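Trainee: Residues per chain, in single letters:
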Amino acid sequence: MEIALENTNSARIARAMIKARRAAGSPAMDMVLTLVVITDDETVGDALKTANLLSREHPSRVIGVVLGAKRGAAALHAKVRVGQDTSGESILLRISGELTKHAESVVLPLLLPDSPVVVWWPHNAPTFPADDPIGKLAQRRLTDAESTTSPVRALRQVAANYAPGDTDLAWTRLTPWRTLLAAALDQATAPVTAGEVVAGRHNPAATLLVAWLESRLKVPIAFHHSDTDQIAKVVLTTRAGDVVIERVNELASHFSVPGSSQREVPLGARTLAELLAEDLRRLDADDVYATTIKHLLATR
Amino acid sequence: MSAPRTNPLRDPQDRRLPRIPGPCSLVIFGITGDLAQRKLIPAVYDLANRGLLPPGFALVGFARQDFGAKKFADILRDAAKSGARTPWRETVWKQLYAGFRFVPGQFDDDEAWQRLAVTMKDLDEQQGTGDNHAFYLSIPPALFPVVVSKLKEHGFATADSGWRRVVIEKPFGHDLASAEELNRIVGEVFPRESVFRIDHYLGKETVQNILAFRFANGMFEPIWNNHYVDHVQITMAEDIGIGSRAGYYDSIGAARDVIQNHLLQLMALVAMEEPVSFNASSLRMEKQKILANARPPERMDLHTAQAQYLAGWAGGEKVVGYLEEDGVPDGSRAETFAAMRIDIATRRWAGVPFYLRTGKRLGRRVTEVAVIFKKAPHQPFSKNDIEELGSNALVMRIQPDEGVTLRFGAKVPGTTMEIRDVNMDFAYGGAFVESSPEAYERLILDVLLGDPPLFPQHEEVELSWKILDPVIEHWKRQKQIDTYPAGTWGPESADTMLARDGRSWRRP
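Those sequence lines, one after another, are chains A and B. The opening residue of the first sequence carries number 1 in our numbering; numbering runs sequentially from there. The opening residue of the second sequence carries number 301 in our numbering; numbering runs sequentially from there.
For the record, the hints were derived by calculation from the structure and aren't laboratory data. Among the hints, erroneous ones may be present.
To be verified - One-sided excerpt, in silico: chain B residues whose CB lies under 10 angstroms from chain A:
(1) L309
(2) Q313
(3) R316
(4) A348
(5) P354
(6) T391
(7) Q426
(8) G428
(9) Q699
(10) P700
To be verified - Computed list of chain A residues with no C-beta within reach of chain B, every gap over 10 angstroms:
(11) L99
(12) K136
(13) K294
Note that the coordinates shown come from a computational prediction; the quantities given were computed from them, not determined experimentally. Using N, Cα and C, we set each Cβ at its ideal position, and we do this for glycine too.
In isolation and in its complexed conformation, chain A is listed as follows:
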């Protein structure tokens, strides 16, 4: 059921929500979190589609916040949706005028009782997410440096203002690589003496990978720039020979460790919904990410 409300307030939105829920036979009873998506007119469609895909894995109340023009009189329009192909429920808020500065006052009454709150900025994240009025309401704050025009700078900015609960999706994109590297060192047991990462200069994930490897392995890792944007290759030099993981196409990489022959292993890119789903599996602070960005800021 979908209910549209013009010039409204949070109490009326909450009432519409209950009405929609009852009409839909209370399908959304097991919601585990509130996901606030802060976006603009241009990107709201895609962002909410992703959020709805996500709610198949993490049934949630999705609150889309579209911040409109800051000038003019305060206005709040809302659209409430329950059921209809999603396992959760969603509210779209269009906020404009003076109210854009106080959007948290609209969101606060609409959060699920007692459940965790996650804020995701698909674009244009604030440089200090934990200090953002809506960011303050959340346990987890997800930014995406790759969506900006200078991704590495954006990553360093949010890293410098890190508060427990922050993560940038660049870190999430790195998980398959980190998984393969950890599996490689399960097999190659000789100590690592040096390493090399080959990737695009402006790839924030590669920047994090270098920092992660350095902080874990305590050896210098060289960063060589490639023409492609992606991470192309990682080499870890051990006393027994080189561990090499090299991307061969969009779906696979070559994997070789000393003492056994080269193999092809899967290494595909994941959709935005899959990335977010991974992030939402843990709702506490990611300590390994914190250590990694600390190392990044201290050394580079």
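Could you slot chain B onto chain A? The hints should help.
Mentor: Coordinates of chain B only, in the frame set by chain A:
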């Protein structure tokens, strides 16, 4: 096993990295069998697709038929494709298949075993499996002795630098004596911590859910005893008949097929005291205490029931009775429904009967544990007001719709005071969609990781037989077996059995 070296890239705090087993191979005996085709191969593919198998994972199929490598490849591919839970990706299969080997041969043919040894050596070198091998005996129990003794004879049971593990499937024997014999055969060759007894109905997920529910919460444990609990009903019902398993089923029957393992394990998990930790040995210790103190009924004639299904209509389909099923001998006495009362002689549970029931062709497919509470000692409401109020119940639903139901009384809206039972439902599938991998995925992963199994070791198996053997003895002495129409909730004798105690079965 080699001394543990910590991988510098692994950090216990790093919960994004999945736990991936080290390099290893899985050797499946009976690769063309039903279980391997329907469950094991798809599970291996799903694990690979989710990136949970180590690079260079190898799978060796040992089978009695020789149909050549090409056909073998096709068979496995078809099996994986039709059974896979995750989307089909040709690249994943190609990469996985590079590590597959096929060894044809009879189980008593020494040459075949030598070929297997050569294959495994090759894998260690080419795929880097590092002398780590798990043997999955997906074969009828009658073949265990020959395969296990050949494993020993050809030196497969001990590793130079890696590990060896063996996986066996239920049934773990058909009575106490045969279970002891089986344990002796396997125990002579493999140390107990390397033996993984697999009971897929009790995947780790289910066990851990029950444990989390009971011991992570403060509000249930205080009432989890004979002060508040009236009785417990444990049901595992199937809507299907015996299908093509007549040969196996007719010699076993429902009680040995299901109660000995699944239902007694569920009972132990529900009844046990809090373990000091959640490692496998503490858990096993608590379960054993319950099984050692569980008593079969003193009056078998009053507190057990067995029956066979008759032809009837089940779920809108006309189905035949047990005796008319293909392959069932005339006048068979095998029970397709079994129910019994078990009492646990502990301070916590004295006076609280546990009613266990299982059957084929029952009303619907469901496995659940229902804890039925005593009625409130005093009701301030008049008898009329609470006429429709039953007992409070807490139901742990295990399958198909995993979750928890709480049943309690609520006032019916209106001017009169009228109280009626309502259900409060929680579904795991609603709150956590992604997880719940197929049981075999989890099991295979646990075996390869060497995670100490939460599955029964031989003491538990033997204790369970001690509970069940006297009941089966009693049934054997009966001249008649009860019957029930297919698609119903069992024979009248099962209802009478509870009625004697002033109770009735819940309709699950």
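Trainee: So which of those numbered hints doesn't the model satisfy?
Mentor: Of the numbered hints given earlier, those the structure breaks are 9 and 10, listed in rising order.
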